[in-house]
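J.: Sequence:
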Amino acid sequence: MRSRAEWYPLKEVMIHRPSIEIEYAMLAPKPFLFERAFNVGKAIREHQRLEEILKTEGVVVKRLETEIIENAERSRDFREKLIDYITQNVHFYGKVDEVKYAMQELKKNLEKLDSSTIFDYMVLEPSIDLKTDYENRAVYPTVYSNIPLANLYFMRDQQAVADNGIIIGNMKRDQRKKETEITEFLFRNAMGVSNLFKIPPNSHFEGGDFMPARDFSLIGVGLRTDMNGAFSAMQSGMITTDEVGVVENPAYDFSKEDNMVNMHLDTYFNIAGDGIAVTSQYLASRARVTVYGKASSGNYERITETTLLEYIRSKGFNIIDLSIPEQLAYSSNFLTIRDRRIVAVDVKSVINRLISDGAFDPSTENIVKQELPKINGNVFPERKDVLGAGIEYVNAELIELTGGYGGAHCMTATLDRQ
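My numbering puts the first residue of the sequence shown at 1, with every later residue one more than the last.
Derived from the structure by calculation, the hints contain no laboratory data.
Please note that a few of the clues may not be correct.
[Stated by the list, open to error] Each computed DSS-like pair below joins lysine-lysine, with the alpha-carbon atoms no more than 27 Å apart: (1) K11 - K30; (2) K55 - K42; (3) K198 - K11.
[Unchecked claim] Computed spacing ranges between beta-carbons, pair by pair: (4) V99 - D174: 38 to 44 Å; (5) A138 - L106: 48 to 54 Å; (6) E382 - S356: 33 to 39 Å; (7) N299 - M103: 35 to 41 Å; (8) V99 - N228: 21 to 27 Å; (9) E382 - N228: 37 to 43 Å; (10) G298 - K112: 50 to 56 Å; (11) V99 - F254: 24 to 30 Å; (12) G41 - T240: 42 to 48 Å; (13) G377 - R288: 30 to 36 Å; (14) I355 - E70: 51 to 57 Å; (15) I355 - N318: 27 to 33 Å.
Glycine is no exception: its CB is placed at the ideal position from the N, C-alpha and C atoms.
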């Protein structure tokens, strides 16, 4: 598993089909880190189409749940490890003797269950409160789910694949903490990955903040990835590029303090081909970059400071600029299939959906409505400058699924680019 440049041909990805876990998120989207509520049935069909597009483009697609279920069915050793994982993460509460008995029963019962049900427990992580009714001599269960992993379908963030292996992240938000345990469990126990580094507990690193570009790499820091996480990734041995630019993810002046549309590097910056970057020049000019070069010792040492815009230009990249409405509608969160061929969201429809759903705060919505007439319907990727740069695109729509704050890039974990 390796990925040295974002525009190298995409050979293999992993995705996760959203299921019962996102139904919980629809009850309270914001606390689940979603932008808005959406139609779950339509979202699943969008995800199925995304998978079909990738396969049509020649990409090998692995599905997280399928990999876990099939490995559990054919390998007794893997199934035992899976059951052990569940017993450590399903909790009972109540009288000591009742909890002890319930745990013993759980271990026996898991042996009888199908692997699909066990996987559901993995993403729901239920807890059972055993309440005793002494008058009727009965025990009544109340079932809770300890933050269902509704964001798991954003498979980019749990890890990053660099040119020398996998970096398992450490998620900043409690809602997503458990996701890395699941992907690491699969990589180690089913896929036999050995070239793997795990970010330590005192650091935070998320895959959406990592962007390889052959001779250099970019790591975004801000709301999710922190400096400790960036340095841990740089020292992991997985990244071997000559330079690493640590980018301070910027924000608009009108943004709220916790503006999730800029939470990761890939929410405002991406690479569509060799020498072609897609970004908001406004944001890129405000994003401070500290450049680190590889010393003779093998360690990265600070070279200079600049902006993301200047740094990318110094590397010979041309810039395709995004307007505010385009950036807020996940234009940069496309997935590059190969040099100058991308899978993009239906940006026009997403902009309209965000406005009609009232997803923006009043000040942001006002600015978006002011900016829309200026672009006069020329919306990424259906723009002359995009076509003039030789960029081909496939419209994956993703109008519903972007309600979770992300597009095709966020929804796919790169496993191999060659």
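J.: Given the hint that K198 pairs with K11, test it: the Cα-Cα distance must not exceed 27 Å.
T.: holds (24 Å)
J.: Is 35 to 41 Å right for how far apart the beta carbons of N299 and M103 are?
T.: Violated - the Cβ-Cβ distance for N299 and M103, about 47 Å, lies outside 35 to 41 Å.
J.: Does the hinted range 50 to 56 Å hold for G298 and K112 at CB?
T.: Once the Cβ atoms are compared, 52 Å apart, the range 50 to 56 Å for K112 and G298 holds.
J.: Lying within 21 to 27 Å: is that true of the beta-carbon distance V99 to N228?
T.: violated (37 Å)
J.: Can you tell me whether the CB distance of E382 to S356 sits inside 33 to 39 Å?
T.: violated (20 Å)
J.: Range hint 48 to 54 Å: satisfied by the CB atoms of A138 and L106?
T.: The hint (48 to 54 Å, Cβ to Cβ) is violated, given that A138 and L106 are roughly 19 Å apart.
J.: For the hint 37 to 43 Å, verify it against the beta carbon of E382 and that of N228.
T.: holds (41 Å)
J.: Quick check on a hinted range of 51 to 57 Å for I355 and E70, using CB atoms only.
T.: Roughly 43 Å apart at Cβ, these two residues miss the hinted range, so it is violated.
J.: Are G41 and T240 spaced within 42 to 48 Å by their CB atoms?
T.: Holds, since G41 and T240 (Cβ atoms, about 44 Å apart) stay within the stated range.
J.: Take a look at whether the Cβ-Cβ distance between G377 and R288 falls inside 30 to 36 Å.
T.: holds (34 Å)
J.: Could one say that the CB atoms of V99 and F254 fall in the range 24 to 30 Å?
T.: violated (51 Å)
J.: For K11 and K30, compute the direct alpha-carbon distance and say whether it is at most 27 Å.
T.: violated (34 Å)
Of the hints listed earlier, those the structure fails to meet are numbers 1, 4, 5, 6, 7, 8, 11 and 14, in rising order.
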